[in-house]
Amino acid sequence: FGFQPTPMTAQVKADLHMIRNRNYLNPRRFYKSSDIKKDTTMVQVGTVVEGAAEYYSSRLTRKERRQNLTEELMADSDTTSYTKRKYNALSQEKQEQAEKRNRGKRKKQLGQNKRARRVGY
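So the sequence shown is numbered by my numbering: it starts at 61 and just counts up by one.
The set of hints was computed from the structure by calculation and includes no laboratory data. Don't take each hint at face value.
Ranges of calculated distance between the beta carbons of each label pair, as one might list FRET restraints [what the hints assert, rightly or not]:
#1 159 to 137: 28 to 34 Å
#2 108 to 150: 31 to 37 Å
#3 93 to 172: 49 to 55 Å
#4 152 to 101: 20 to 26 Å
#5 146 to 119: 28 to 34 Å
#6 171 to 89: 48 to 54 Å
#7 69 to 171: 54 to 60 Å
Note that the coordinates shown come from a computational prediction; the quantities given were computed from them, not determined experimentally. Glycine residues also receive a C-beta, built at the ideal position from the N, C-alpha and C atoms.
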């Protein structure tokens, strides 16, 4: 296409990772499968410039603008609330599984202790 590849910095890699996994950020929105399956070398990064025909209300203010995609997603309240909710649900599920596992271990150990007392060890 006649353009120079952008140097792969950690920031660009993080943005590409976010684009690759955007399906998990908003499950209610459908995205086609991404073309970026592996690390690509030919990537162009640009800045969106709003046209004069756009309304002022639809533009982002300077305070709302972020340096990169990752920071923009972290500042988005919908995305952060969804990720917090999912994280809490997953951690609670893991905790319940661990409690079940430990309950079984405690029962087993308690039974072994009772047997040991009966036999006289």
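The hints, checked one at a time:
{"no.": "1", "hint": "159 to 137: 28 to 34 Å", "verdict": "holds (33 Å)"}
{"no.": "2", "hint": "108 to 150: 31 to 37 Å", "verdict": "holds (34 Å)"}
{"no.": "3", "hint": "93 to 172: 49 to 55 Å", "verdict": "holds (53 Å)"}
{"no.": "4", "hint": "152 to 101: 20 to 26 Å", "verdict": "violated (42 Å)"}
{"no.": "5", "hint": "146 to 119: 28 to 34 Å", "verdict": "holds (31 Å)"}
{"no.": "6", "hint": "171 to 89: 48 to 54 Å", "verdict": "holds (52 Å)"}
{"no.": "7", "hint": "69 to 171: 54 to 60 Å", "verdict": "holds (58 Å)"}
Hint 4 from the earlier list is the only one contradicted by this structure; the remaining hints agree with it.
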